[in-house]
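Participant: For the sequence shown, our numbering begins at 265 and goes up steadily by one.
If you're looking for bench data, these hints aren't it; they were derived computationally from the structure.
Ideal placement from N, C-alpha and C gives every residue a C-beta, glycine not left out.
Misleading hints may appear alongside valid ones.
Here are the computed lysine to any residue pairs in the SDA-like style, where the Cα-Cα straight-line distance is at most 20 Å [claimed, not checked]:
1. Lys328 x Ala354
2. Lys289 x Tyr340
3. Lys319 x Asn353
4. Lys328 x Tyr318
5. Lys328 x Tyr340
6. Lys319 x Pro307
7. Lys289 x Asp308
8. Lys320 x Val310
9. Lys289 x Gly321
10. Lys328 x Val310
11. Lys328 x Pro307
12. Lys319 x Ala354
Have a look at the derived ranges for each label pair, beta carbon to beta carbon [claimed, not checked]:
13. Thr329 x Val366: 12 to 20 Å
14. Asp350 x Pro307: 28 to 36 Å
15. Asn337 x Leu294: 17 to 25 Å
16. Val366 x Gly321: 18 to 26 Å
17. Leu363 x Ser325: 21 to 29 Å
18. His311 x Asn353: 33 to 41 Å
19. Tyr340 x Lys319: 14 to 22 Å
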Amino acid sequence: MKKSLALGTLLLAGLLIFGCSLGGKVYHLLEGTSCIEVQANDPDLVHVLELLDYKKGSCPSSYKTSKGCEYLNSSYGATFTYYISDYTNAEMQEFCDILGGVLVD
Numbered sequence: 265m266k267k268s269l270a271l272g273t274l275l276l277a278g279l280l281i282f283g284c285s286l287g288g289k290v291y292h293l294l295e296g297t298s299c300i301e302v303q304a305n306d307p308d309l310v311h312v313l314e315l316l317d318y319k320k321g322s323c324p325s326s327y328k329t330s331k332g333c334e335y336l337n338s339s340y341g342a343t344f345t346y347y348i349s350d351y352t353n354a355e356m357q358e359f360c361d362i363l364g365g366v367l368v369d
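Turn these sequences into a full structure, and let the hints steer you where they fit.
Facilitator: Laid out in structure tokens, this is it:
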């Protein structure tokens with residue numbers, strides 16, 4: 265049972281990552297010292313992001329002073345990456361552990 269679940273999770277993650285690389289759209293939202301980056305394929309999600317004032321493109325480099333925290337949200341079928349400019353890498357690791365994500369450059 266655990267192997268099936270793990271394999272299914274890996275396949276889903278692979279499909280989403282592959283799908284994102286085939287035309288996923290990247291949006292970001294700035295809020296204070298943080299930036300949220302979303303890579304989305306679903307046209308409905310893209311529409312919602314635009315309604316919520318997310319901007320096309322990646323987070324500005326000024327927000328990427330430490331590592332980001334990336335996690336896959338299967339409910340939305342999207343990858344979210346958080347950057348917090350005044351956090352150290354250690355603080356981002358703690359934040360990422362809470363989200364269940366992984367650190368990225």
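Participant: Indicate, hint by hint, whether the structure satisfies it.
Facilitator: Outcome of the hint check:
A C-alpha spacing of about 14 Å is found between Lys328 and Ala354, which places the hinted pair at or below 20 Å, so the restraint holds. With a C-alpha separation of about 14 Å, the suggested pairing of Lys289 with Tyr340 holds against the 20 Å cut-off. At most 20 Å may separate the alpha-carbon atoms for a hinted pair to count; Lys319 and Asn353 exceed this at roughly 26 Å. Pair hint Lys328 plus Tyr318 holds up; C-alpha atoms about 17 Å apart against a cutoff of 20 Å.
Proximity of Lys328 to Tyr340 is assessed by CA-CA distance (about 24 Å); at most 20 Å being required, the pair is judged violated. Note on Lys319 and Pro307: the hinted pairing holds, with a Cα-Cα distance of about 15 Å set against a maximum of 20 Å. For a cut-off of 20 Å, the pair hint linking Lys289 to Asp308 stands: about 12 Å separates their Cα positions. Using a Cα cut-off of 20 Å, the hinted pair Lys320 and Val310 holds, with the two alpha carbons roughly 10 Å apart.
Restraint check: the Cα-Cα separation between Lys289 and Gly321 comes to about 8 Å, which is no more than 20 Å; the hinted pair holds. Between Lys328 and Val310 the CA atoms are separated by roughly 23 Å; this puts the pair beyond 20 Å, and the hint is violated. Our distance criterion of 20 Å between C-alpha atoms is broken by Lys328 and Pro307, whose separation comes to about 27 Å. Taking the CA atoms of Lys319 and Ala354, the gap is near 28 Å; set against the 20 Å cutoff, the hint is violated.
Separation of Thr329 from Val366 is about 18 Å and conforms to the stated range, judged on CB atoms against 12 to 20 Å. A hinted range of 28 to 36 Å holds for the C-beta pair Asp350 and Pro307, which are about 35 Å apart. Restraint check, Asn337 to Leu294: a C-beta distance of roughly 20 Å satisfies the suggested window 17 to 25 Å. For Val366 and Gly321, the Cβ-Cβ distance of about 22 Å falls inside the hinted range of 18 to 26 Å, so the restraint holds.
Separation of Leu363 from Ser325 is about 22 Å and conforms to the stated range, judged on CB atoms against 21 to 29 Å. Range check, His311 to Asn353: about 35 Å between beta-carbon atoms, so the 33 to 41 Å window is met. Separated by about 18 Å at the C-beta atoms, Tyr340 and Lys319 satisfy the suggested range of 14 to 22 Å.
Violated hints, in rising order: 3, 5, 10, 11 and 12; the structure is consistent with all others.
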